Structure formats: C-alpha cells, structure tokens
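K.L.:
Kindly generate the complete structure, drawing on both the sequences and the hints.
So the protein lines, in turn, are chains P and G.
Going by our numbering, the residue at position 185 of the first sequence is 185; the numbering climbs one at a time, nothing skipped.
Going by our numbering, the residue at position 247 of the second sequence is 247; the numbering climbs one at a time, nothing skipped.
Keep in mind that the hints are not guaranteed to be accurate.
To give an idea of the chain P side of the interface with chain G (calculated C-beta under 10 angstroms), a few residues [claimed, not checked]:
1. Ile17
2. Ile131
3. Ile151
4. Leu155
Over the 12 angstroms line for every Cβ pair with chain G, so calculated as not near, a few chain P residues [as the list claims (entries may be wrong)]:
5. Val38
6. Glu70
7. Tyr87
8. Ile94
9. Ala112
10. Tyr135
11. Val169
12. Arg175
13. Thr232
14. Gly318
15. Ile332
16. Ser334
17. Ile356
18. Gly360
Hints listed in this document are in silico derivations from the structure and should not be mistaken for laboratory results.
Predicted model, so just to flag it, every value in this text is computed and none were measured.
Every residue, glycine too, gets a C-beta built ideally from N, C-alpha and C.
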Amino acid sequence: MYQKYTGGEISAIQAYIIIVSIMIGTGILNLARVVSEVSKQDAWISVLINGIFISLIIGLITYTVGRFPELNFLQYCSYLLSKPIGYLISFAYIIYSIAFTATIISFLTEMASTWLLPNTPIFIISFIIVITGVYMIQHGLTVLARYNEVIVFLLIPLALLIFVGMPEVRLINLRPVGATGITAILKGVVPSFYAFAGYEVIMIYYPYISNKSKHITKYSVLSILLVTIFYTATVISQIALYGHEEIQHVLYPSINYLRAVDFPFIERMELFFTIFWTLTVLGTVGLQYFATSIVLQSVFKNKTTRFFTYLLAPLVFGLSLYPQNTPQVADIGSIIGNLNFFFGILLPIILFIMCIIREGRRKNEQKI
Amino acid sequence: MKVENYKSTLLSKKLNENLLQLKDIFSDCCDIIYRKLKINVGNTSLDLLMVFTDGLVDTQTINEHIMKPITTYQPSPTLKTLSSFTLDTLKNVITINNVDEVSNYQEVLYAILSGDTVLMVNGFDIGLSLNTKGWAERTVEEPPAESVIRGSREGLTENLSSNVGLIRRKLKDTSLKAKELIIGTRTQTMINVLYMDDLVNKQLLNDLINELESIEIDGIFESGYIEQLIEKHPYSPFPQVQVTERPDKICGNLLEGRIIILVDGAPLSLILPMSFFLLFQSPEDYNERIIFGNLLRLLRFLGFIIATSFPSIYVALISFHQQMLPADLIVDLSKTRAQIPFPPVVEALLMELTIELLREASARLPGTIGQTIGIVGAIVIGDAAVRANIASPAMVIVVAITAIGSYVLPHYSTTYPLRFLRFPMIFMAATFGAFGIIIAWAWIIIHLCSISSFGFPYLSPLAPYDSEFTKDTVLRKPFWFLRQRPKVANKNNRNRWS
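P.N.:
Structure follows, in structure tokens:
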C-alpha cells in the first residue's frame, strides 16, 4: 500500500469510474430532445438499445486490449494493423479528441454563460475551464482518476434530480410503446451517440490499470449498463413530462424540466443541477484532454505528458471559442457523435477481428 | 561550540586536567557548578569532582543522595588500598536510580547540559552521569486547544519522559517502542518516535527515521519545526501531519498503526500519516454512543463547508443569482441592503477581516481580556456596523455563523486552512458567482487529490476508493464492525480483535 498509488497508475475501480464519469457529461442535457426527434415517444427504447450495443462493444474493447496488457494504444494498433495505419489512427484520434475536448468545453461554457453568468464574456469562462483542465491533468493520470472518484459521488444527487418531476409525469406521453416502428427506433440510436461517446478512452487508459484482473470486462460492461439505465430513466421521465412534440421546443430538457417543478425554499432548482453537473463535466474535460496528451506522448515518445498538456491548452481554448451560439454547439456535438461511430464502434470491431486473426495464425504456427 | 564537536576528546585520568578542560569549555558560564569532594578509601582519601548546571538539577537529590552518602562513607575493611577501589564501589555508594558511564566530552557535556550530574574520580578516565534532572515544569492539565466533554482530561506537557509515561500508562504492551533521536546541532533536542512494533508499516518507519536523522537544523523548539521539515507539500494549506496534545488520541492512533513524534519541550505531538478525514475526528466520536458520535462528525463536515463557502455563497447569491432565493426573502434582503454603500464583496471582506482580527487578538490576550475583546468585537462592532449602514444585518449573521462553523474542527491549528481558504472563495464568488465557487471547489478537490501524506494519498480511502471508506471516515460504524486496522498499518497484522 505504501506509495503504491503515487505513480501514474490507476486501480481497477478507478477505471470503472472513469468510464461512468466520461460518459455522463454534456450529452445528457439534450439527449431526450435529439433522440425523440427521430424516434418520438420510443426514444427511450433507442437509448436502451444503444446502451446494450455499446456494452457489447466495451466487452470487445476490454477483451482485445486485455490481450496486450503491456502495450499502449499506438503500440497495439501498430501491432494489429501495421505501423503506418497505427500512426494514422493515432493522429486521427488526437484530432478527434482535441475536437471532442473543445466541444465539451464549449457546451460547459454555453451552459455557464446561459444559466449562471449571462454578462461575462464567453472567452473568460472558457479560459477558466481550460485552466482548470490543465491544472487537473498536469499531475498525471493518478490525480485525474482520483478527482473523478470524488466527483462520481455527485452523480447521486444528480440522479435524484431526475426523479423530482415524478408527480407531474403523464405516462400517456409514452404510449403507444413501439408504435414508431423498428426502423425509426434504430435510426434514433444515431443521435444518442454523442451522449454515449467517450467510453473509448478505456482503450487508452487500459494499459495504466495496475491490478488487471478478469473482472475488468464484467465491471466495464456493468458500468456502461449503469449509465444506460441512468440515461433511459432520464429520457423516460422527460418525455413523460413534456411529450415528444413539446420537447422539441426545449433546448436542454434535463435542465428546463427542473423549472417545471416547485420546491419549498429554493426557487430555481436547475441552478443546483448546474452546480453538480459542472463538477462532473470538468472531470469529463480532464479525461478527454488527458487521453489526447497520452496518445501524443506515445507518438512522440516523450517521458511525460506535461509538455503536451501545456501545448494543447491554447489549441483547445481557441477551438472551444469557435461555435458562435448554443445550437451551433449542439450541431458540432452531433458531428462528434458521428465521428465517435468510427472510434467507438468501428475501430474496436476491426481491432477485435484482427486480434482473432492474429491469434488464430499464431496458434496455427505453433501447431506446425 | 557544538557539543558533538567534542566527540573525539576523551576524559583524562587526572582530575585537575578534566577540571581545567571543563572550565575552559564553560568559560563565563556562571550556572555551571564544580564541587570537589573526598571519599574515604582505607586510610587515605580519593578526590572526586561533581559538575552540574544550576537550575536544571534537583539540589535536594544531589545533597541527599550524592553528597551525603559520599562524605559519610565508611569503607569496608577489605577496601584498604586505592587500587581496590572501582567505579562499581562508587555506584553502590550513590543512591541514584539511573547511572551511566561517560568516557568522552560529548557525553559529559550533553549530560551536564541536560540536567544530569557528572561525577569524575581522580585516576579514572571514565566518569559517571547521574540522573538528577529536576526543573520547574507544568503539571498535567486539561488540553486547552482540544478539550472534550466526554473523555480524559489529561494533556501532554513539556516534559518528554512524563509524556511517554502518560502514553505508556494507557497502553501496557511490550510492542510499544519509543525510539530516541537527538535533533538540532545546537539545541540537542530529544525526540521520541513512538510506534507499535508489530503494527507499524516498517518501510514507512525506516523512511521516517532516515529522514529525521538527516535533519541538520541548529535548533528545534517545537514539534512544528519537525512537521515543516518532513512534510512533502509545504505550500499546501492542508496539514499533512496531525497535531494533538491528547494522550488518548495518541494511543488510539498507535493502535491503528500510525507513528507518533514527541518533541521535548513541546506539548503538541505529531501523528502521521494522516488523511483528510482525520481532520474531522475527535476522541469524543468514539467515546460517545454511536448515533451521537456520528452526528457530531457530520456536524463537523457541515462546519467545514460553512466555514469555507458560506460567505462566498452569500456574495454570489446577492450579486449574481438573486432569483435563486424566494421572493419574500430577497425583498427583505434588498431592503436592508439598500442603505449600504458597498458592493456585497467589500462588505463581506470587511466583516471577515474584522472577525479574523478579533479572533487573533482574543487568542493572544490573557483569558479574561480575550473574552472581553470577543464580546466587544462581536456585539459592539457588529451592532454598530449595522446601525452605521456599513454592513447589512444578514452579512453579520453570515459572518457570525461562518466564524462558529470554523471552530468545530477538533484541533485549533487545523482550522487555519478553513479560515484562509474563505478569502479566495469570496473573491471567486464576487467575480464569477456560483460558477466561481464551483471552480474554486474543483481546484480544492484537485489539490486534495494531488497531495499525499508520507506516501498515503490524502483523500484515501475515498480516492483511491477502498472499502475502508464505509467503516471509519465520514461516519463511524459500531466497534464490532471495525475489526480490521486501516491500510496504514502493517498488512500482516490487520486484525484488531484477537
């Protein structure tokens, strides 16, 4: 125990928390709206299907990456897909991850600006968030994982806030169940990608888990299912509260519906939501930001990530200022969600297939 | 000159040479007393020299138990010649409990300067160091900065050996070790490192002792010197070593496998390693029944949050988020604030600064005057400030609650981070409202995650998470659930109940 956790290592529990923490972030704000745009009152089924699908994907990821406990992202990509493609994927991931980090920061900035600081210039809010992110990750993965471990307890009040709308819920809004048809429900999966995006960082963080055991696959899947239940409950309660037509006119249903509910002493409960939510999203920013630094470090073979952390800060800050207004941020979010289709779903499947092929070949060689 | 420079200088067999050497070393030291004696050996007599420091010795002990036996000594018939006289003979004559042999000047000087009496005999190059320590000291009193309602009233004193005694009396176990170190090249301060031999983490202990031995400072006057010399994050506002003056708290921590450092002359001892959650623990939590002990602990956490954030939350609400409060309340608040010429942040900083000044003044002044200052400050200044429209009544209430909240932590010196984190929080709240408070808290959490106390993460067992977290941190489970020692202890001996 003594000095065990001082290096750049994380425990298995921290890895599960990382998965939960990076997924529950900015996506939850408009999840109900964007999904119900396509699959109407059955949006929650879309979300549930996506969650189950992604829990399969994370099983594939942990299986594949678990074959190479000593290799980092670049190394096993190079091993499985040849070196040039490994580098190509790493560079693509770096660009995607920077864009993702900037998008999360834009979301957070927009939120803080709309709900808390309407008169403060956007760039100052964004600047503070970037500084907080840099401060969080400059000490390495250990501190980042610990921060998320502390913050994950805030998900409990956040989860409770979902159910405060219960007395006003009209279940008729959810009926008829499944009437939109299977194609619509499956199409509704696509807009929910952004909300689920982020779990692919486990591909980067896996080599840093100090006590790798067989249970990692099991608990990673359970983490995803936990998030899925959380998201499904959110979507159900919000659609039941608003109805799928009305919800289209609400920008951020997760916050707006708190306004619909009266509390005895506190006038605006949504501000409390924002407080808990901001701390959670800061953790998401840190995780995505640090994933970029780690991949950059492995590409350029530096000793520490700190140099890249500082190097990326102005870039991330500049990019986060690019969207001019809230709908634009949401649009960029959906683009990122579509990009996630490659890194979060396609890449793990390709890696898994290559891994199977390689192993089969090796077994054949051994037989000969 | 430093005492350790005399290590190579050995005692001479001739008494006069030793006397001259000592007089040379202690030139112009009027408190060093040289006393020549004679002891009967057969028909002749032998010269003795007694050296001690006036004020550090118990003169009655010297008179009764050294001088009297020696001067009235009648040698037995077998002891006829000088050659048959040994130091053992002398040791049998003197009725002093603790007698050591000293051979070089470092030992001689250290004995003299720490209150022992050195007895030298003509013809021997070995002297005797006799325990005659006795000086004015405080008796065991109730610890002023750490009092409890239910629990022992004993507090540590400035005397190291009686402090170890207080601990030994509560913990009758052979594995309680007290390792002696001398730190401070000029003060030659005695340090005792206390630990349970079979419970302590050996690697931690060795590292600590190596670190203590490598200290080369000239003077140690308080345990705070040691604390600052061994902590790893000196610029962090959070203490990485726990400070206590309660023997019962020390014993409890020893049984958890922690290490105690006692410093001679300091009534405050150090406990390490510590974690964030130990800031909130007091012996009373264990002495009281389980429900109320836990409620007290929760109150302390509430106090921590109030003391750090309450004024900043008030500032943020008043200057940015008025809509968060119910309409009736905000109308009343704005009515009282209408006459105030300052923005809320100036008002808050002004009042907080006043109360910090008051607190510092009342802590420094003698008891009764301190109370008077407190009453004058709290009532007169607060009331006058409201009447003069300098501060609103709500602000006075906020400041008062904050001040009370910061007192709930069990030990006074751990309240400093709370008191001084408040000001940056107010500043952040005044600039960025609730968002500023969130960011400030994020910074605090990140900082707490990044520091460690002697290799143990500061927020453990919360981050990194451990099942210990559910046992004895924010809440305490009943004793029958606490059968395991914390991870701080030696991992081979974690079972408490056996």
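K.L.:
Among the hints numbered above, which are violated by the structure, and what are their numbers in rising order?
P.N.:
4, 9 and 10
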